[in-house]
Each structure stands twice: as structure tokens, then as C-alpha cells.
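As they're listed, the protein sequences go chains A and B.
Counting with my numbering, you get residues 1 to 243 for the letters of the first sequence.
Counting with my numbering, you get residues 1001 to 1177 for the letters of the second sequence.
By construction, these hints were calculated from the structure, which means they are not laboratory data.
Predicted model, so just to flag it, every value in this text is computed and none were measured.
We treat Cβ as the ideally placed atom computed from N, Cα and C, and that holds for glycine.
There's no promise every hint is true.
Claimed, not checked - Computed far set for chain B versus chain A, every beta-carbon distance over 10 Å: (1) K1011; (2) E1029; (3) W1031; (4) S1054; (5) D1097.
Claimed, not checked - Listed next, with one range per pair, are the computed distances between beta-carbon atoms: (6) B/R1080 <-> A/D238: 42 to 50 Å; (7) A/H105 <-> B/D1083: 55 to 63 Å; (8) A/L57 <-> B/V1112: 31 to 39 Å; (9) B/R1002 <-> A/A140: 56 to 64 Å; (10) A/L144 <-> B/D1076: 56 to 64 Å; (11) B/G1137 <-> A/S43: 33 to 41 Å; (12) B/F1096 <-> A/A140: 32 to 40 Å; (13) B/A1049 <-> A/R239: 24 to 32 Å; (14) A/L144 <-> B/G1075: 17 to 25 Å.
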Amino acid sequence: MADLLRINDLHRHFRLGDSLVRAVDGVDLRVGEGEFVSIMGPSGCGKSTLLYLVGGLDRPTGGEIHFGGRRVDQLSRTGWAKLRRGRIGFVFQTFNLVENLTVAHNVQLQGVLAGGSRRAVRRRAIGLLEELGVSDKAKALPALLSGGQRQRVAIARALMNDPPLLLADEPTGNLDSATTTEVLGLLKRFHAAGRTIVVVTHDPRVATAAQRVVTMRDGQVVDEARLDGGTGRPLTLDRLIES
Amino acid sequence: MREVLLALLHKEPAHGYELKGAIESMFGEVWPAVNVGQIYSTLGRLERAGLVRSATVSQASRPDKRVFELTAAGGDTVRRWVDEVVPAAQLRGSFFDKLVLADRTRLADPIVLIDRQRREYLRRLAELGELAGVAQGLAARLAVEGAVLHLQADLRWLDFCEDALTSHQKRNGDTDG
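Let the hints inform the model, and build the full structure from the sequences given.
Here it is, written out as C-alpha cells:
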């Protein structure tokens, strides 16, 4: 499996008053093409900062980020914007939809910014909203949607330009348990379709939908668990109840 | 098995194969297969204990069947059983012992033990995620959710242990220095 993402000795330090905060403090991480990785850790461990650095929404103070074999951490603002539009989809905990645009326009915006033809963009947006089960809300404003519906729209927007990499920061943080299960199902489906996914979460249920869980603490990666290819006898329904 | 049969007979009299069918439709996904011999031997014991009684019913075109029903004592027994509160789950001893000993005897690094244990729980949770996709009946869905919630609690407890041990070590480090 070729690496889609390679991070070497990444740092993000900043000053807060008199003290130096080491939000990300020497992270090495590789994510293979088509891999689904989750990052867990207590709040303040630097997991969201790491994701923002990978998506170019924040800039590192040291280290390197390679994306698809190309070094990207030194890209300009516009370079990053271009990379994000075509190659990286971002899903946020707070959805970040444009509140005065309809659902359909929120999704189409990404395609238009990437230079797609209006016709093709419209068709793809409709297709995505259908796939995510929110096509009946296409003309509604985001304010009229439930949390789960908003997150589906945000996922549709992230997938608009068919990016190879999907980054998600606590995508279920504002959702109830049933909606979390739905969003998890969507992530698994997109992963099965060949997309690479990196999700930051404190919810173990979300984390274990991935193939690999990376644990961070104090700005560093301290542990890693591969979840596929276990050694023991696979768990079956008839072994859940202790008699 | 004993209480399951009493409870099913509390609903209505039945013969062995009907009981087997009822058990399979309720618990089929979450129990290993039950054989009818095991059901009949349990019914025999319940009958000798005076909790059920049986009568042979002749059928026109089929062999006779033995139908079981609950006695008054059997009814009391199963109602007592169902009303009894199940004690709250205890903490699993083995890991707890290892953790405390590792910290106090320096037998191992407790944080390493916690990380290893966390990997085990995460893998199990991933397997449960797969099972959630195949669990069909009510019993199976309840069982999977119960197992998931227990593991989430175990994981949170590991986080707590890690925090507590880390700050304990820091404090001790400070007093040593």
C-alpha cells in the first residue's frame, strides 16, 4: 500500500502568555492509500490540531507533510486552498455550513470553486444528496435541518470534488447515538469505495470503525492499535452472554 | 435452562419441540444451539422437583405427545426468579491486580499495561461494530449494545487509571526530588 500521507517530526508550538504550548510535538505518521485511520486521545492532546495541519487549515512550526508523494507543508495559502478543493474533503464537528445558502448550493459551492461546469456540478450535488438521503432538503436552508441532516450535507460537500482523502474532526460530536451510527455507516461505505479517511474522535465506537487507531497524548503519538486481522478466535453473537 | 423452561411454560403448556422452537426464536442468535435431549432431561428434573407436570396427549395421525405445564410451585419459583434483582457487575479482578501490583512493585510499567489493555478493548469494540451489522433479532441487538457499552466503560476506566497513575507518579517524583 503506497502512502497517501506521510508526516515527519511535525511540530506546532505557540506562545500563550509566558508559556510555550506544544500542541503537536514531534508526530510521525503514515497513512496508506485507501486506509481508514482514527486518532484518539484526551482533549488537549493535539489530535484536532494535527488534523488541521494535515488539511492546511493551520501551519506547522516544524516538520514535514507529504501528500501523494509531494511535500505540501510549505505551500502558499492559495496552494493549500487549491489542494483542499480538489484532493482533501473536510468534515467538522460543527458542520460549518453557509447558513444563508440552500443545502444544494452549499454542496455545489465546492464544485464551482474547483472550476467544474455548472451542469456537472449540479448533477453531482443532486447525486450526493440522494446518496446521503437528504435530497428532499436540497432547497432548504441549513437552519431548518436536524444535526444529523446537517452532517450529511457537510459530508456531501466534502465529497463534492471526489477527493481521495477525507478528514473528519469529531464528526459525530454533536450527534445522538442513532445518528452517530448512521454517519459511521456512511464513513465505512466511503472507505469501502476506496477513499482514504482520517477521523479524529473521542468516541471509541467511531474510532473502532477504522482499521487502525492512533492514540495521542501531550502532542505526541504514544500508541497504535491495528484493528483488522486479529489473532484470536473471531467474536460471534453466541459468545456475548456469559452464562 | 431451568428458568427459561419454567418461564416459557408460564406462558402456556407445551411439548419439548415447541419449547426448543420458542428458545431458538428468542435466543437463537445469541445462544449456542440447544438440543432437544437437553430440554427433555431438564423437564424431567423439573417434574421430579414438582415444578412441572406432564400429560400424554394422543393425536389422530401422529404419535402421542407429552405436554408439560407449570404446577403452582413452579409458578411461584419462576416468579421469584424473575423478580430477583441481579447484583451489579464487579470490576474484573485480573487486570486490576496487575495494574496495582505493576505500579507498587515495579514489576512492569503500568502505562504500558494500560496501552496494551486498551488495544485489546479497541479490537473487541471493532469486532462488536461488525456484529452490530449482522445482529437481526431483539436479543442479539440488546446483547451487542450491552457489550459495547460495557467496553466503553472499560475504556473510560483505563483513561482514568492512566490519569491517576500519571499524576501519582509526578507527585512522587516531586517529593523524591
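Status of the hints after comparison with the structure:
For B/K1011, the non-interface assignment is confirmed: its Cβ lies about 21 Å from the closest Cβ of chain A, beyond the 10 Å cut-off. Once the 10 Å rule is applied to beta carbons, B/E1029 is inconsistent with being away from chain A; the minimum gap is 5 Å. With a cut of 10 Å on Cβ distances, B/W1031 falls inside the contact zone with chain A, its closest approach being about 6 Å. At the 10 Å boundary, the C-beta of B/S1054 stays outside the reach of chain A, the nearest C-beta of that chain being 26 Å off.
Distance to chain A confirms B/D1097 as a non-interface residue, since its nearest Cβ pair spans about 20 Å, more than 10 Å. The given range of 42 to 50 Å is broken by B/R1080 and A/D238, whose C-beta atoms sit roughly 28 Å from each other. For A/H105 and B/D1083, the hinted distance range of 55 to 63 Å is satisfied, since their beta carbons lie about 60 Å from each other. At about 34 Å, the CB distance of A/L57 to B/V1112 agrees with the hint of 31 to 39 Å.
Separated by about 57 Å at the C-beta atoms, B/R1002 and A/A140 satisfy the suggested range of 56 to 64 Å. In this structure, A/L144 and B/D1076 meet the distance hint of 56 to 64 Å, their C-beta atoms being roughly 58 Å apart. The given range of 33 to 41 Å is respected by B/G1137 and A/S43, whose C-beta atoms sit roughly 38 Å from each other. Taking 32 to 40 Å as the suggested C-beta distance range, the pair B/F1096 and A/A140 does not conform, at roughly 52 Å.
Checked against the hint of 24 to 32 Å, the C-beta distance between B/A1049 and A/R239 comes to roughly 31 Å, which is consistent with it. A beta carbon spacing of about 56 Å between A/L144 and B/G1075 contradicts the range 17 to 25 Å that was offered as a hint.
Hint check: violations occur at hints 2, 3, 6, 12 and 14; the rest are consistent with the structure.
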